Amino acid sequence: MEKHHLFIQAKLDQASAYNRLRTLKTAPRENTDFFSNDYLGYATKGLLEQQTSPLAPSHWSGSTGSRLISGNHPEMEQLERDFASFMDSPAALLYNSGYMANTGLLSSLGEKDSLFIFDEHVHASIKEGMRLGFGQKTAFKHNDLRDLEKKLAFHAQKDKRLMVLTEGLFSMHGDSPDIGQILGICQQHGAALIIDEAHSLGTIGEENKGASFGFAQHPNLLARVITFGKAAGGHGAMVLGNNDLRSFLINYSRAFIYTTAPSWDQLCSIGAALKLLASKSNFDALAKAVEIYLEVAPASSPSFSNNQSPIQYWRCDDVPLLKEKVGQLQKSGINCYPILSPTVKTGEERIRIVLHAFNTKEEITQLINLLNA
1 MEKHHLFIQA
11 KLDQASAYNR
21 LRTLKTAPRE
31 NTDFFSNDYL
41 GYATKGLLEQ
51 QTSPLAPSHW
61 SGSTGSRLIS
71 GNHPEMEQLE
81 RDFASFMDSP
91 AALLYNSGYM
101 ANTGLLSSLG
111 EKDSLFIFDE
121 HVHASIKEGM
131 RLGFGQKTAF
141 KHNDLRDLEK
151 KLAFHAQKDK
161 RLMVLTEGLF
171 SMHGDSPDIG
181 QILGICQQHG
191 AALIIDEAHS
201 LGTIGEENKG
211 ASFGFAQHPN
221 LLARVITFGK
231 AAGGHGAMVL
241 GNNDLRSFLI
251 NYSRAFIYTT
261 APSWDQLCSI
271 GAALKLLASK
281 SNFDALAKAV
291 EIYLEVAPAS
301 SPSFSNNQSP
311 IQYWRCDDVP
321 LLKEKVGQLQ
331 KSGINCYPIL
341 SPTVKTGEER
351 IRIVLHAFNT
361 KEEITQLINL
371 LNA
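The opening residue of the sequence shown carries number 1 in UniProt numbering; numbering runs sequentially from there.
Do not take every clue at face value.
[Said to hold, decoys possible] Below, in silico cross-link-like pairs of lysine to aspartate or glutamate (EDC-like), each with a Cα-Cα straight-line distance of 20 angstroms or less: (1) K288 with D147; (2) K127 with D113; (3) K160 with D147; (4) K275 with E111; (5) K275 with D88; (6) K331 with D284; (7) K345 with E363; (8) K275 with E206.
Treat the hints as calculated values from the structure; they're not laboratory data. Please read these numbers as outputs of a predicted model, since none were measured by experiment.
With the sequences and hints as input, model every part of the structure.
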């Protein structure tokens with residue numbers, strides 16, 4: 001056992017030496033929130049609790065097992081049909097989390113005849129899903145469609161199943177790719193697009209339904225991963241695609257097959273969020289918060305981002321100073337979070353700024369002034 005203890009201690013010491021040791025902290029909840037993913041306020045402002053779930057009362061609470069044994073319930077399949085219709089998709093499959101959706105989808109699609117070509121800044125769960133499968137993989141430069149096209153043109157000659165992976169809204173950078181252009185490139189080279197819409201549901205795109213919603217019927221759009229832990233204010237995820245993809249995942253996705261199905265409370269939360277999203281609740285307020293930030297943040301400063309999304313940042317590659325600034329913000333009543341390497345590249349460390357429908361002009365102005373001091 002001593003070898004194991006020494007290994008664990010050495011890894012912790014290494015992280016500490018590079019200023020990368022993570023610890024769990026509880027931020028003061030009375031502070032102004034500029035760090036949570038509750039973009040529309042559905043979770044922290046009680047909107048989900050106030051909203052009556054469209055699901056009828058049930059006699060079960062825990063699902064009792066995996067969906068292939070005792071854990072499948074009519075309400076689950078109805079919720080999948082409702083959400084698929086809402087997102088203009090033929091079918092949907094519910095997963096316990098976005099992480100499980102990505103790992104379950106990609107590990108099952110990744111066989112020896114496949115090649116994933118992915119944006120270098122995709123979520124860790126996407127990279128993990130590729131790693132768990134047997135497919136080959138190569139990255140293209142962030143949102144660089146020339147690099148993507150170059151790689152597709154090269155690999156299209158190798159008789160591989162080509163799949164392009166990107167996100168609707170990048171969680172650490174706050175930017176989005178041109179989905180229409182990517183689909184055109186995919187069509188030209190016989191590739192399929194898989195897009196992670198974790199941060200884009202409720203925040204961007206047509207009707208705030210994500211970056212790819214306007215292309216829902218495109219023949220080269222293979223799958224969309226939609227999560228309910230961000231703007232939807234709850235937990236869980238769905239993979240959207242055609243009925244064959246849904247059946248394929250039921251049969252081959254280990255993250256779906258070998259886990260207990262979601263609970264009744266989780267279904268109710270998703271159902272309530274679906275009603276709020278359908279009513280466009282707080283969409284205008286979120287757009288206003290982004291507008292205020294862009295007005296107040298100094299446009300000439302290279303430290304401040306100017307994204308057309310709720311995800312902004314303040315860049316500072318001096319890690320001790322960055323952590324000190326976060327502490328100063330917290331003492332001033334503001335919760336923000338530092339993003340360090342390896343989550344972002346060394347030299348691209350930042351304070352992530354998340355705008356919400358409930359953030360006021362006074363709060364946003366105070367944040368900018370403190371960061372600019």
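Quick rundown of the hints versus the structure:
1. K288 with D147: With a Cα-Cα distance of about 35 angstroms, the restraint between K288 and D147 is violated, given a limit of 20 angstroms.
2. K127 with D113: 18 angstroms, holds
3. K160 with D147: 18 angstroms, holds
4. K275 with E111: Roughly 38 angstroms between the alpha carbons, so the hint for K275 and E111 is violated.
5. K275 with D88: 16 angstroms, holds
6. K331 with D284: 30 angstroms, violated
7. K345 with E363: 29 angstroms, violated
8. K275 with E206: Holds - the C-alpha atoms of E206 and K275 are around 17 angstroms apart, at most 20 angstroms.
When held up to the earlier numbered hints, the structure conflicts with 1, 4, 6 and 7 and fits the remainder.
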